[in-house]
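Novice: Chains A and B, in that order, are what the protein sequence lines are.
If you count by our numbering, then the first sequence holds residues 1 to 205, one letter each, in order.
If you count by our numbering, then the second sequence holds residues 1 to 202, one letter each, in order.
No lab work stands behind these hints, which were simulated from the structure alone.
Quick reminder that beta carbons are idealized off the backbone N, C-alpha and C, glycines included.
Don't take each hint at face value.
What the hints assert, rightly or not - The list that follows gives simulated cross-link-like pairs (lysine to aspartate or glutamate, EDC-like), each with its CA atoms no further than 16 angstroms apart:
no., chain 1, residue 1, chain 2, residue 2
1, A, 202, B, 98
2, B, 166, B, 79
3, A, 89, B, 45
4, B, 42, B, 174
5, A, 6, A, 201
6, B, 43, B, 169
7, A, 6, A, 16
8, A, 195, B, 165
9, B, 43, B, 174
Stated by the list, open to error - Restraint-style ranges between C-beta atoms, simulated for each label pair:
no., chain 1, residue 1, chain 2, residue 2, range
10, B, 15, A, 203, 34 to 42 angstroms
11, B, 107, A, 202, 46 to 54 angstroms
12, A, 62, B, 10, 53 to 61 angstroms
13, A, 63, B, 80, 26 to 34 angstroms
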Amino acid sequence: MADTPKQIFIKGIWKDNPVFRQVLGICSSLAVTNLLTNTLFMAFGVMFVTAFSNFTVSLLRDHIPARIRMIVQVLIIASYVMIVDILIKAVNPDIHRFIGPYVGLIITNCIIMGRAEAFASQNTPWLSFLDGLAMGIGYSLVLIVIALVREPMGFGTLLGFPLPGREIWWHQWTIMVMAPGAFFMLAIVTWISRKIQLNLEKGGK
Amino acid sequence: MEAYQETNFFATLFIIFISAGLTNNILLARFLGMCSCLGVSKKVDTSVGLGAAVTFVTATTAALNYLVYYYILVPLGLEFLKLITFIVVIAAFTQFIEMVIERYSIKLYNSLGIFLPLITVNCAILGISLFMLNKPYGFWESFAYGLGGGFGWFLAIALIGGIREKINEKFLPEGLAGPGITLIIIGIMSLAFVGFSGMIKI
């Protein structure tokens, strides 16, 4: 239970990585990984919401009656998601038009509920905040890796800028910007990371 | 003349239903409801059970959220509260359904009961309600959209459950078993569903 901040970060980013270890919260975010810019905004949103909702749930953990804790947690999460939604709309309305519904769907992102339930309801606010942040970072890293492959292959751009000399060597893989590409990429990322983890465990013995 | 308009109306509803279910399949084209799908789709019967429950809740909450949004939030100028309102409607409705089923049909409760908490956090349901607002739909159109979306999810999860039952995970490369292979299956199915796109324009 008494994890140090360092252990929490290792867990969030690799050992308990929300995407490829726990397979949570991929719903709302595969859709935004065909452009790196959208992905960065989404990653920011998720990180912000996990960290602060964990913090708040942990602060209130002794005051929430057990029977209605789910709905209280959902309400806490929804309030932070609303803040993120309004922030993104203010900073960049164009991106908001595209990822708007998916930002709203951060509410039902299972990582956030999962961490609130599994970690924040038993730990102190500060540790919960770190845990939320670490989980958010672990999640964002996976999304960014996927986006780094999908955007260049599908559009021939990175962060909206064309790749150098793409007329000569680049050929468009339309499938990468469509839904199947996202599923295949995530499958590959999951596979590789599990394989590495298995090898690490074998090496440790 | 009136009869003609009526068939036209139902035809529109049917087209919305088909397009929400097949061409814009909520799971395979919009990625929503993945978490519960990966967790639950190991067997056909559980997939069908959850799929049916989700279809019912999606259709009803789409209609409910439509009413709440256009008759309560818009007149009061509170559109920015839509996220929190929708999730409360969905959570309250699921809770209500759970109590009703528990009271009147223990058998149904036992077979469906474990899925009900999963429904609140199923993004497909909130997703349908949010996407619905981007379209110029009336009440019945929204209902058809919710029904179609739920049906599409049901179809996808039942098919995935069927395929997963047949897979022998012993023959897979190390590390691919479980979520990895399921994602690849979903990817291939999603390729097949891409074939539907362009069939109907809404």
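Novice: For each hint, tell me whether it holds in the structure or not.
Specialist: Here's how the hints hold up against the structure:
1. A:202 to B:98: violated, 46 angstroms
2. B:166 to B:79: violated, 47 angstroms
3. A:89 to B:45: It is violated: about 43 angstroms lies between the C-alpha atoms, which goes past 16 angstroms.
4. B:42 to B:174: violated, 19 angstroms
5. A:6 to A:201: The given pair, whose Cα atoms are some 20 angstroms apart, is violated under the 16 angstroms limit.
6. B:43 to B:169: holds, 14 angstroms
7. A:6 to A:16: holds, 14 angstroms
8. A:195 to B:165: violated, 24 angstroms
9. B:43 to B:174: Violated. Residue 43 of chain B to residue 174 of chain B sits at ~22 angstroms, over the 16 angstroms cutoff.
10. B:15 to A:203: 34 to 42 angstroms: violated, 57 angstroms
11. B:107 to A:202: 46 to 54 angstroms: holds, 48 angstroms
12. A:62 to B:10: 53 to 61 angstroms: Holds, since residue 62 of chain A and residue 10 of chain B (Cβ atoms, about 55 angstroms apart) stay within the stated range.
13. A:63 to B:80: 26 to 34 angstroms: With a Cβ separation near 27 angstroms, residue 63 of chain A and residue 80 of chain B satisfy 26 to 34 angstroms, so the hint holds.
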